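Chains as they are written, first to last, in our numbering: chain A, 201 to 493; chain B, 70 to 155.
Don't read these hints as lab results, they were simulated from the structure. Be careful, since some hints might not be right.
[Unchecked claim] Below are the EDC-like pairs computed for lysine to aspartate or glutamate, each with C-alpha atoms no more than 20 Å apart in a straight line: (1) B:101 x B:112; (2) B:74 x A:209; (3) A:212 x B:76; (4) A:205 x B:72; (5) A:422 x B:86.
[What the hints assert, rightly or not] Coverage of chain A stretches by chain B, computed from C-beta distances (three or more under 8 Å per stretch; other residues unrestricted): (6) 210-219; (7) 420-428.
Note that the structure is predicted; figures quoted are calculated from it, not measured. All C-beta atoms, glycine included, are put in the ideal place defined by N, C-alpha and C.
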Amino acid sequence: MVEVKTAEELNKKFLREGMWPTIFCNGCGHGVVLEYTFWALEELGWDMDKTMFASGIGCSSRLPGYINADGLHTTHGRAIAFATGIKAADPDFNVIVFTGDGDCAGIGGNHFIHAARRNIDMTVIMINNFIYGMTGGQLAPTAPLGSIATTAPYGNIEHPFDICELAKALGANYVARWPVSHPYQPIKSIKEGLQKKGFSLLEFLAPCPTAYGRRNKLGDIKKHWAWYDDNTILIEDYDKIMKYGSVKEKEEVKDKMQIGVFQDIQKPGFFELYDQLMERLKVEENKKREGKK
Amino acid sequence: MIEVKDDWCKGCNICIDRCPVDALEESDKLNKRGIRPPQLKKENECNYCRYCELICPDLAISVIPDEDIKKVEKKTLLSPVGGIKK
Ligand SMILES: Cc1ncc(C[n+]2csc(CCOP(=O)(O)OP(=O)(O)O)c2C)c(N)n1
Ligand code: SF4
Ligand code: SF4
Ligand code: SF4
Ligand SMILES: [Mg+2]
Chain A
201 MVEVKTAEEL NKKFLREGMW PTIFCNGCGH GVVLEYTFWA LEELGWDMDK
251 TMFASGIGCS SRLPGYINAD GLHTTHGRAI AFATGIKAAD PDFNVIVFTG
301 DGDCAGIGGN HFIHAARRNI DMTVIMINNF IYGMTGGQLA PTAPLGSIAT
351 TAPYGNIEHP FDICELAKAL GANYVARWPV SHPYQPIKSI KEGLQKKGFS
401 LLEFLAPCPT AYGRRNKLGD IKKHWAWYDD NTILIEDYDK IMKYGSVKEK
451 EEVKDKMQIG VFQDIQKPGF FELYDQLMER LKVEENKKRE GKK
Chain B
70 MIEVKDDWCK GCNICIDRCP VDALEESDKL NKRGIRPPQL KKENECNYCR
120 YCELICPDLA ISVIPDEDIK KVEKKTLLSP VGGIKK
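Just chain B, with the same shape it has in the complex (with noise of 0.2 Å):
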């Protein structure tokens, strides 16, 4: 489950675009900003890494993983800082 605390959230998309398995999308309520904040999509794919909850700038999201529900893992697209591209 994905926890968004949806007025902190100023619509920087950071959580959508560097999801590692493109778990989430935005949603199609508005924040008093104005913002759409981050959902996850209907089919959930997230492997509960918490890579969008470190990275939001604005503290917004909590990763809180569904124990009971298995799943099977999608590879991630993540690729290591630095280096050459390939």
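For reference, chain A alone in the conformation it holds in the complex (with noise of 0.2 Å):
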């Protein structure tokens, strides 16, 4: 196997040729995320063709279209559902999710909760734009309260969903957030991710500029991009600050989006469970065999 070294090298290994550039409008962050997996995929050694991807409808769900492995392009939120089809049918395949925040936590939420529950090996990259971005930008279950989208002109005042919380509670075994903004944690989180039996979910925080940032003012590409380094806290930072900070220290991060790895726990999965109750009930029927001998 050659070792990939550039971007050039993993563009030939891992994009689906004659696919690119992408669709996304310029300062759009799902470029990103993909390339993030491309990396973390590179270090684990994955053989492609036991990889399959699936994903629903929006620009965040175009990910699949540009990776050359196979790959589900399903209906709107149903991704998950057609990604726990994948495993059942062989789960030695590797099933990656993309997935917006529309798609997941939207139209799709009751597919994420029941995943996340029953702990289906998969690995969920949402991405999290807060906005649904594809159709032009109608308010998204993750937006910030305040947020202008065109159902929301007068700024949201429905509280935002917290997806991480939400797979923590269902007792997800990998949940991470991460911005776009830095290379390194991302990578290694989605590794982690990746390697992980079980469900994990990494939520993404990217910039749509095209439909959040224009109309909610968060000003050039470069100022976006910021926004999201000024805005997020660490969690051990976060945790660290309000059990020893100031008034003042916990007045200024108390409203910062919390990052970072939120549970690592290593629950069986749901196709570990299922091959063991096979296990057992082959042996019971074998047994209720041998006694009518």
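Work from the hints to combine the two standalone chains into their complex.
Laid out in structure tokens, this is it:
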């Protein structure tokens, strides 16, 4: 196997020929998530013939189309249901889902909840841009209070969904959130999520300058990307400040979005338990047959 | 050396803005989109950290270290993610 050292070599290995450059707008964060996933896959050395992608509908859900591997571009919100199907048909496949905040937390919310609860073996990479980008900027369930969207022209009054908190509560094995604006932690974290048996969720905070940034006056691409540096805080730092910080420090960080790894546990996954169940039934069945002889 | 696939670049300038040693600038050539893809500044201060390569949303940059060229390494302007601004 040739060792991949540059983006050029990475492209040759992972990109589906003829699909690049992407349809994404200038300054969009989606392409970066794909790239981080490629580097993680490269470091893991996974066989791409044994790795399958699934996605729903949205700008973010276009990602599997750029990858030189099998993928299902399914209906809106249903990526996780299809991914469960792939895994049930052949548990040897590694299944990765690319989805958006609208696709996963909005219309696909129930699929997400139950896949996490059942601890189905898959890695869900949800790209949260606080908006329905593809359809022109309707309010997403993850949008911060006060956000402007075509369906919230006077500012969002709905409390946003914290999808990581939800996944944690459902007992998902791996839960992490990162902004796309720094590469190192996300690549490492995707690697951890992919390797994890059971359900992993990686939420990426990604800029959508076209449908979100523009309406919410986040400035040009440079300022919009900097928003993610200024408005996020590592969970470890957040916890320390909330425990030992001064009133002023607490005030400064209380509205920031926490990032980092929120859960990393080792509960048996659905297919592990399913195999055990099958083994048990086989033994019982054999015993019955012996008895009849 | 920095290799840029000119026609893949959309001109977001994230590479230029985020290079920790400010080694990149817009070039003077236009690609087919009418964009000026990045290039190394005349005085090459790149330390081959590969940050621009990792963060380019369009996978347009490859960083290839020139091993034989020895130069002083510039201090990085990189600040860690999160935390409180000093
Ligand atoms: C059943 C159904 N309802 C609505 C739509 C229209 N639709 C297409 S994409 C989309 C929103 C996608 O938002 P998100 O998942 O956040 O992706 P983004 O474009 O922001 O990456 C909607 C509502 C659809 N395709 N199918
Ligand atoms: S609309 Fe937003 S999410 Fe969609 S490609 Fe453009 S910037 Fe990206
Ligand atoms: S980050 Fe990539 S797309 Fe953006 S200006 Fe640099 S080379 Fe072009
Ligand atoms: S490799 Fe690092 S130092 Fe060199 S141009 Fe890219 S970001 Fe700047
Ligand atoms: Mg979205």
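Against the structure, the hints:
1. B:101 x B:112: Violated. Residue 101 of chain B to residue 112 of chain B sits at ~27 Å, over the 20 Å cutoff.
2. B:74 x A:209: holds, 13 Å
3. A:212 x B:76: holds, 16 Å
4. A:205 x B:72: holds, 13 Å
5. A:422 x B:86: holds, 7 Å
6. 210-219: It holds: at least three residues are needed, and the stretch 210-219 of chain A offers 3 whose Cβ sits within less than 8 Å of chain B.
7. 420-428: Since three or more residues must qualify, the claim that chain B covers the stretch 420-428 of chain A holds, with 3 doing so at under 8 Å.
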